[in-house]
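Please take these sequences and the hints and turn them into a complete structure.
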Amino acid sequence: DGGITQSPKYLFRKEGQNVTLSCEQNLNHDAMYWYRQDPGQGLRLIYYSQIVNDFQKGDIAEGYSVSREKKESFPLTVTSAQKNPTAFYLCASSIQWTGENEQFFGPGTRLTVL
Amino acid sequence: AQSVTQLDSQVPVFEEAPVELRCNYSSSVSVYLFWYVQYPNQGLQLLLKYLSGSTLVKGINGFEAEFNKSQTSFHLRKPSVHISDTAEYFCAVTLTGGFKTIFGAGTRLFVKA
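Chains A and B, in that order, are what the protein sequence lines are.
Take the first sequence: its position 62, counted from the start at 1, is 103 in our numbering, and no numbers get skipped.
Take the second sequence: its position 61, counted from the start at 1, is 63 in our numbering, and no numbers get skipped.
Just to be clear, a hint being listed does not mean it is correct.
Keeping only pairs whose Cα atoms sit at most 27 Å apart, straight-line, the calculated DSS-like set for lysine-lysine is [said to hold, decoys possible]:
| no. | chain 1 | residue 1 | chain 2 | residue 2 |
| --- | --- | --- | --- | --- |
| 1 | B | Lys102 | A | Lys111 |
| 2 | A | Lys112 | B | Lys60 |
| 3 | B | Lys71 | A | Lys98 |
| 4 | B | Lys102 | B | Lys60 |
| 5 | A | Lys98 | A | Lys124 |
| 6 | B | Lys102 | A | Lys124 |
| 7 | B | Lys51 | B | Lys71 |
| 8 | A | Lys98 | A | Lys111 |
| 9 | B | Lys102 | B | Lys71 |
| 10 | B | Lys51 | A | Lys98 |
| 11 | A | Lys112 | B | Lys102 |
| 12 | A | Lys112 | A | Lys50 |
Keep in mind the hints are simulated off the structure, nothing from the lab.
These numbers come from a predicted model, not from an experiment.
Laid out in structure tokens, this is it:
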């Protein structure tokens with residue numbers, strides 16, 4: 042079955058550590074996205090990638106980094122510079138980056154800072 | 003700048019009753035409109051979308067939404083809800099010709115027996 046996988050499902054980070062969240066899709070989609078979800082705030086865009094080897098900052102990119110070396114993979118690193126990283130992180134993809142295309146979401150990773 | 007307002011943060015309703023989840027948007031240009039559903043601890047999945055044409059859009063699980071350009075609204079409706087409809091619902095807007103999607107804050111639907 043085609044879809045998006047995210048791992049791990051739960052992740053615990055000590056202060057000062059960098060952690061990497063995995064996102065893989067087998068839908069052959071060009072565009073991929075990372076969102077952060079906090080209670081009562083909807084989804085906020087962290088980074089997006091329109092095509093392989095290209096990515097752009099979203100609204101809340103500070104303290105995060107990404108790479109897009111393969112079409113199917115878009116990992117997100119939460120660095121120690123992100124002061125409040127506890128949240129639910131969602132990865133998504135769409136056929137192309139134009140707005141008429143719906144996004145397909147992974148099951149999410151819940152990150153907790155200890 | 004575009005924005006999305008979901009007017010109710012929580013909507014409790016009894017099983018088999020009708021429900022309407024309200025969504026208003028602000029944009030100076032044409033938009034594409036979406037409703038997504040999120041079940042607990044899961045990702046979002048598309049319920050329905052409006053791109054153009056008929057203003058009444060039908061989606062999965064018996065949901066429908068009506069685009070009202072004059073009122074800049076895209077309210078989601080279901081004539082008879084089930085316990086399994088308990089979830090969080092997100093309205094989303096993308097500018098035509100653009101790519102960035104703005105999500106509303108979400109509405110939690112609680113269906114009670």
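Tested hints:
With a C-alpha separation of about 22 Å, the suggested pair Lys102 (chain B) and Lys111 (chain A) falls inside the 27 Å cut-off, and the hint holds. At roughly 32 Å between alpha-carbon atoms, Lys112 (chain A) and Lys60 (chain B) are farther apart than 27 Å, so this suggested pair is violated. A threshold of 27 Å between alpha carbons decides the hint, and for Lys71 (chain B) with Lys98 (chain A) the separation of about 31 Å lies outside it, so the pair is violated. In summary, the hint linking Lys102 (chain B) to Lys60 (chain B) is supported, as the alpha carbons are separated by about 24 Å, within the 27 Å threshold.
The hinted pair formed by Lys98 (chain A) and Lys124 (chain A) meets the criterion: a straight-line CA distance of about 18 Å does not exceed 27 Å. For the proposed pair Lys102 (chain B) and Lys124 (chain A), the alpha carbon gap of about 25 Å is at most 27 Å, so the pair holds. The hinted pair formed by Lys51 (chain B) and Lys71 (chain B) meets the criterion: a straight-line CA distance of about 15 Å does not exceed 27 Å. A C-alpha spacing of about 18 Å is found between Lys98 (chain A) and Lys111 (chain A), which places the hinted pair at or below 27 Å, so the restraint holds.
For the hint pairing Lys102 (chain B) with Lys71 (chain B), the CA-to-CA distance comes to about 20 Å; that is within 27 Å, so the pair holds. Our distance criterion of 27 Å between C-alpha atoms is met by Lys51 (chain B) and Lys98 (chain A), whose separation comes to about 26 Å. At roughly 20 Å between alpha-carbon atoms, Lys112 (chain A) and Lys102 (chain B) fall within 27 Å of each other, so this suggested pair holds. At roughly 22 Å between alpha-carbon atoms, Lys112 (chain A) and Lys50 (chain A) fall within 27 Å of each other, so this suggested pair holds.
When held up to the earlier numbered hints, the structure conflicts with 2 and 3 and fits the remainder.
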